[in-house]
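Chemist: The chain contents come next:
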Amino acid sequence: MKPLNLITLLLFIAGAAWALTRSDGTVRSIQNSYFAIISPFLKGGSGIEKKAFAFIDEVEHSKAWETKYNLAKEELDEKRVEVAHLRKLELENAQLRQALKFQQLTPFKVLATKIIRRQPSTWWHTVTIDRGEQQGIGVQLPVLSPEGLVGKVDAPSANTSTVILLTDESCQVSAKVDGTPEVGILSGQRGLTGDNPSLKLRFLSKDATIEPGMLVFTTGRGGLFPPDILLGEIKSFEPGPLHGEALVKPAVDFATLHTVFVKIPDSPESQASKANP
Amino acid sequence: MIKYIISITLLTLAACMVQQFLPAIGGLHGARVLILPLVFLCAAVSVNFASMLMLAFICGFLWDAQNALGPSGGDIEIYTNPVENLRFGYSIILYAMMGLLMQGIQPLFKRGKWHISSLLAGIAIFFYLFAEFLLINFVRGDFVFPRAAFYRIYLTSALTMLFSPFIFWLIFQLASACHHTIRYTGLKKEHRYID
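Chains as they are written, first to last, in the numbering used here: chain W, 6 to 282; chain R, 6 to 200.
This is chain W alone, in the form it adopts within the complex (with noise of 0.2 Å):
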């Protein structure tokens, strides 16, 4: 072997054997480093991206009304892109107001943010929000959206933060099923594919009588995820030789989310007064 060679090799074991060897706080400032240089990139890009839908839409209607100048007779056509485009606008409203409702009404004090990449690794379930450390959020902290719970934050960087889904294998929740003393542990499956995969309650007592179309909440034990957030509904229940397991339908639709609330801490006077009424 050449020399150079050589002390190549020696220097990628001893580069390998750093990295292998972090602690979980400094991958977490390498991480932070890594994201705070590709967050304007990101944000770039879903803007491009944004403008590139806004650009082709456009088109589509400046195509709708030179076709009505020209040809008078296909003014019904036209008025149906119409109708299609303030149906799109109805519903984007009716989301906009679902959202601000849920960020009145929910008991929590919750940051809206917006998905701006979705699943970006290949075998874990993760999207990329639009809001970071700078905006308040931290680690582990609970994401949700009107639907039911979505997951929690893995890794905040200064403006933009990885969030790891309910469906992830790894985002493990304290589960109960609603009207039954069963509690256990949510959680994705491994390989699975899909918007919408079914999730996994282990350790359930193996003679549970658990129906199909029964709700599952968080207890809120275990300190990541508050009480009482739709997690999903039981499709199937089997009991195994010491715990049962059930299949769970997600209550959220991973596929359409775009919107999501991330449940920012109470302040330290809040908790007190909360204590304290």
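Among the hints, a few may not be true.
Some chain R residues judged to face chain W by a derived CB distance under 7 Å, without partners named [what the hints assert, rightly or not]:
| hint | residue |
| --- | --- |
| 1 | 63 |
| 2 | 83 |
| 3 | 97 |
| 4 | 98 |
| 5 | 157 |
| 6 | 159 |
DEER-style ranges, computed between Cβ atoms [what the hints assert, rightly or not]:
| hint | chain 1 | residue 1 | chain 2 | residue 2 | range |
| --- | --- | --- | --- | --- | --- |
| 7 | R | 178 | W | 140 | 25 to 33 Å |
| 8 | R | 150 | W | 102 | 29 to 37 Å |
| 9 | R | 18 | W | 250 | 44 to 52 Å |
| 10 | W | 260 | R | 6 | 46 to 54 Å |
| 11 | W | 103 | R | 18 | 35 to 43 Å |
Don't read these hints as lab results, they were simulated from the structure.
Backbone N, C-alpha and C define an ideal beta-carbon position, used for all residues, glycine too.
Add chain R to chain W, keeping to what the hints say.
Modeler: Showing chain R alone in chain W's frame:
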């Protein structure tokens, strides 16, 4: 040579940025084009061993900085079986292994048979994803291999492989811009003390 290595490194960094905007395709079991590994593989076959290791380190480091998950957190009395994740830095080793695979067919590449390298890039990505999934199984202590995971691995590697001619074209353009000739040196007759 130095200019070429620097330009390849810059190409790798650009690929890392482009990777941010390549989404998973839901209809294809979440498959995606892995442009960063592809650029690394195509570059690995055109550079020497030392440069390949340097690129493997950079790519693996960036990949893990982007994808590594933090600890699960929560009360350990409730979450008694926390889900383990892959350690930061594992990709550096996997990238180096893929790079070694590509270096193995460097003589063919330097003879102008880039299409074999192109095919091997797809195979290397297949093994990379497969090894990654096996590692996840290993650290989590059980073995699960759903059919969907196989389809995702297979379709991702096939989809990525389709883009390799373009990356090779880019690399050849870079080489000519840097006045670097990707030459075959394996059969060069060397002076020996004993014939």
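Chemist: Look at each hint and say if it fits the structure.
Modeler: Verification of the hints:
no., hint, result
1, 63, "violated (10 Å)"
2, 83, "holds (4 Å)"
3, 97, "holds (5 Å)"
4, 98, "holds (6 Å)"
5, 157, "holds (6 Å)"
6, 159, "violated (12 Å)"
7, R:178 / W:140: 25 to 33 Å, "violated (43 Å)"
8, R:150 / W:102: 29 to 37 Å, "violated (45 Å)"
9, R:18 / W:250: 44 to 52 Å, "holds (45 Å)"
10, W:260 / R:6: 46 to 54 Å, "holds (48 Å)"
11, W:103 / R:18: 35 to 43 Å, "holds (41 Å)"
The structure is inconsistent with the numbered hints 1, 6, 7, 8, although it conforms to all the rest.
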